[in-house]
Every structure is written in C-alpha cells, then in structure tokens.
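Visitor: Listed here are the chains, written in short residue letters.
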Amino acid sequence: MTPVPIPAGRVKTLKIDGRDVSGYENQTILEIARENNIHIPTLCNLEGLDDIGACRLCLVEIKGLARLLPACVTRVQEGMEVLTDTERLRRHRRMVIELLLSERNHVCAVCVSNGHCELQSLAQTLGVNHVHVPYRYPRMAVDATHGRFGVDHNRCILCTRCVRVCDQIEGAHTWDVAGRGVEAMIISDLKQDWGASATCTSCGKCVQVCPTGALFVKGKAVGEMTKQREFLPYLTLMREGEK
Amino acid sequence: MSDTPRMPARIRMGTIWLEGCSGCHMSFLDMDERLIDLADKIEIVFSPYVDAKAIPDNVDVFLVEGGIGSDHDMEVIREIRRKTRVLVAFGDCAVTANVPSMRNGLDVGAVLRYGYEETGQPIQPQIPTQGIPALLPQVLPVHEVVPVDVYMPGCPPSADLIHFVVGEVLEGRLPGRGVRARFG
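Those protein sequence lines, which keep their order, are chains A and B.
For the first sequence, our numbering begins at 1 and goes up steadily by one.
For the second sequence, our numbering begins at 1 and goes up steadily by one.
Hints in this document: simulated from the structure, not taken from any laboratory.
Possibly wrong hints are sitting among the right ones.
As the list claims (entries may be wrong) - What follows is a list of derived Cβ distance ranges for each label pair: (1) A:Gln-168 with B:Ser-22: 45 to 53 Å; (2) B:Ala-134 with A:Arg-139: 16 to 24 Å; (3) B:Glu-75 with A:Lys-218: 42 to 50 Å; (4) B:Gly-172 with A:Val-222: 34 to 42 Å; (5) B:Ser-22 with A:Tyr-24: 54 to 62 Å; (6) A:Glu-35 with B:Ser-158: 34 to 42 Å; (7) A:Lys-218 with B:Gly-115: 22 to 30 Å; (8) B:Gly-115 with A:Asp-193: 22 to 30 Å; (9) B:Arg-180 with A:Leu-237: 33 to 41 Å.
As the list claims (entries may be wrong) - In silico negatives: residues of chain B with every beta carbon more than 12 Å from chain A: (10) Met-31; (11) Leu-35; (12) Ile-36; (13) Ala-39; (14) Ala-52; (15) Ile-55; (16) Glu-75; (17) Tyr-114; (18) Tyr-116; (19) Glu-118; (20) Pro-128; (21) Gly-167.
Here the structure is a predicted model, which is why all the values come from computation and not from measurement.
No residue lacks a Cβ here, since even glycine has one placed at the ideal position from N, Cα and C.
Given the sequences, and given the hints that come with them, work out the whole structure.
Guide: This is the structure we're talking about:
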C-alpha cells in the first residue's frame with residue numbers, strides 16, 4: 001500500500017469561532033477556515049495565486065492580540081483562538097469596501113461587470129448601502145489599445161490578481177504596479193499602451209481573474225462581462241504534478 | 001362603497017426627481033396593484049406624479065431621486081430637509097451620484113462647451129444661462145449635502161425594495177442597514 005504523503009509541518013490545533021479545528025503549521029487561518037466551512041470574506045485572495053494580504057477584508061481577531069491580522073497570510077499556531085465575525089470586524093470590512101468604492105469611479109449601473117462583480121456583491125452582503133467618506137471622483141483613463149481586451153482604471157481596486165496571474169501562472173509579467181498610495185496604478189510593461197506590449201501573450205488570464213469590471217473583453221455591454229476562474233486551481237494543480 | 005373606513009390621517013409623502021433619469025420613479029409605479037393599498041395610507045403632497053408647485057411643510061417622508069447637481073438642487077434639498085421627518089435617498093444617483101457623477105472629473109465649462117458647442121452641428125451654438133439652474137462643479141450624493149435617514153441603492157431600486165422601505169417607514173421604522181440592496 002502506498003503511504004499517503006503528509007505535507008511538511010506538524011499538526012496544530014486551534015479554535016475558530018469557538019470550534020475546535022486543526023491544520024498543518026504551514027497552512028493559513030483562511031485555508032483552515034475554508035476546510036471547516038467557516039466563511040471569511042476575501043477580495044485579493046484567489047485560489048491558485050500567492051496571497052499578499054492587500055485588501056484587508058479577511059482580517060480576523062486573535063485572542064491576546066490587540067491588532068487584527070489578515071487570515072490569508074497568517075499561519076495557524078497551537079492554541080490560537082480566532083474570531084472571524086465580530087461587530088468590530090464587520091465595521092472594518094464595511095470601511096474597506098467604502099474606501100474602495102470612494103477611491104475611484106465605480107458606476108455600477110453602466111459597468112460591464114454589473115451583477116457579476118465581487119466588489120459590488122461584497123458591498124451588498126456586508127450591508128454597505130452608502131459610503132460615509134466623500135467620493136474622490138478622480139479622472140481615470142481607459143486603455144483600449146489591445147485588440148481583444150480593455151482596462152478601465154476607474155474600476156480597478158489594485159488587488160493585483162492580474163499582476164500575480166500574469167507573473168505566476170502565465171509567466172509573462174506584463175502587468176505591474178507603478179506609483180504609491182492613491183497614485184498607484186496597474187501598468188502594462190513600462191507604463192506603455194497594452195496594445196503595444198511586447199510581453200503580453202493575449203492569453204486573457206488577467207481579464208478572467210479581475211474581480212471587477214476593470215479588465216474586460218471588448219464588445220461586452222453593461223452587465224455582460226462574466227468571468228471564468230475555474231481554470232486557475234487546475235493549472236496550479238497540474239503544474240505541481242510536473243515538479 | 002368601501003366597508004373599511006379611510007384612515008383619518010394618512011402619511012404625507014413627497015417624491016422628487018433631481019439629477020437622475022426618472023427611472024426610480026418608474027420603478028415606484030412598478031409596485032403595480034400594491035399602489036392601491038398604499039394609496040389608502042399615503043397622501044402624495046409633492047411629486048412629479050402630482051401637481052404641487054412648492055415644497056409643502058410638515059412632510060412625513062420624502063423620496064429623493066437623483067444627485068445634487070445644480071444650484072437649484074442644492075436649494076431645494078435643503079428646503080426638503082427642513083420640512084421633512086424621514087428623508088430617503090432613493091436610488092443610486094441619490095446614494096452615490098452614480099451616472100451623473102461621471103462628469104465630476106471634468107471641468108463644468110468644458111462639459112457645457114462640449115455639449116452645446118462642439119458636438120453635432122449646432123445652428124447657433126450657445127450655452128444656455130437664462131432661467132435654468134447653473135451646474136455645480138460636481139454632482140454630489142444627497143448625504144454629502146444634508147443628513148439622510150434611509151438609503152435605498154439600486155439603479156433603479158426594485159419595486160419590491162421600494163415596497164419594503166415604504167412599508168417600514170409607514171410602520172415608523174428606519175430600516176438602516178436592513179436595506180441589503182445592490183448598487184447598480
């Protein structure tokens with residue numbers, strides 16, 4: 001009988017929302033929560049891509065720690081007591097969504113991803129029915145120079161899923177981030193037109209992983225842009241098998 | 001003749017359409033036969049549906065469609081707030097400024113020049129100024145100008161959502177975060 005391979009690392013036991021759970025020491029709180037059907041909202045996380053803890057939606061409370069930690073990049077520890085759904089966390093998550101909505105121009109009514117947008121649907125499930133901070137209304141460009149795809153920076157939330165999928169899965173690294181803070185922008189190559197990119201393979205993976213209408217297939221009207229993400233875990237799994 | 005006597009005091013409701021497209025008011029009418037029941041409980045005292053010319057005093061609930069985009073909107077929303085107990089931001093334009101806000105990153109003068117002088121083939125290109133409200137530099141959500149009591153997102157909000165919110169207000173409740181509706 002072939003022995004079942006055991007991932008490197010020891011088993012840790014911990015509590016999530018009062019439930020006794022266990023996982024390997026190299027696993028994150030988010031992974032263990034998902035294995036146990038405990039829902040933690042996420043936005044920049046996507047199965048198949050490295051986690052970066054950027055969006056802060058998966059923040060959780062850990063007993064004994066004053067500050068909140070992102071579940072997607074925090075590894076489990078023995079005896080940890082994690083809370084995933086407290087009023088404090090709900091308040092923080094609503095604030096994250098409100099800041100994202102106010103930072104650029106998310107005009108859902110005329111967006112290609114209306115009805116299929118992760119930001120829009122998180123706003124609804126988290127109970128964001130208005131934004132407390134003033135909207136910024138920046139003037140943002142749309143790059144439609146690529147033959148098949150477009151990027152509308154008005155809708156971009158800088159989750160960097162596109163950057164990561166292009167680098168980690170496609171291996172092209174066409175996308176990157178330029179600028180800091182509120183000036184940060186997703187750029188193709190050295191801040192050149194997407195259509196003029198020498199590295200883009202036109203595979204469209206960035207479009208499919210984008211949680212909003214920022215990256216889209218040309219020719220889609222309002223609400224027509226649905227994304228297919230099923231390919232990603234399969235690709236990752238198949239490549240692990242090749243190693 | 002109806003067996004049920006009319007309620008002596010009906011809720012005084014106003015509705016107004018500022019910088020929006022009237023779609024929210026259309027969605028209100030989509031409540032269809034439920035409007036007949038509401039008519040027994042609500043008196044519409046100001047609205048595009050009726051013929052009142054001035055904002056009346058002592059309004060119980062005001063549904064405000066549209067963002068605040070002109071000096072007239074600014075004046076009228078402050079008057080509405082003074083005279084209203086429950087102010088409802090009715091639809092995405094009122095809640096987020098929505099489509100009208102797409103001009104917010106642009107200069108108002110440039111927008112007007114483009115609209116009236118540069119597009120099409122105008123016979124006598126001129127920007128109208130007489131007898132019409134002046135545009136504000138940006139279209140604002142209602143709550144950035146006056147306090148709002150209930151937020152009803154949606155473009156437009158569904159008839160079911162409008163029915164729920166109006167029902168709650170009629171019962172004297174403010175639904176607050178109970179309104180779990182989608183933008184757009």
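Visitor: Please write out, lowest number first, the hints stated earlier that are contradicted by the structure.
Guide: none
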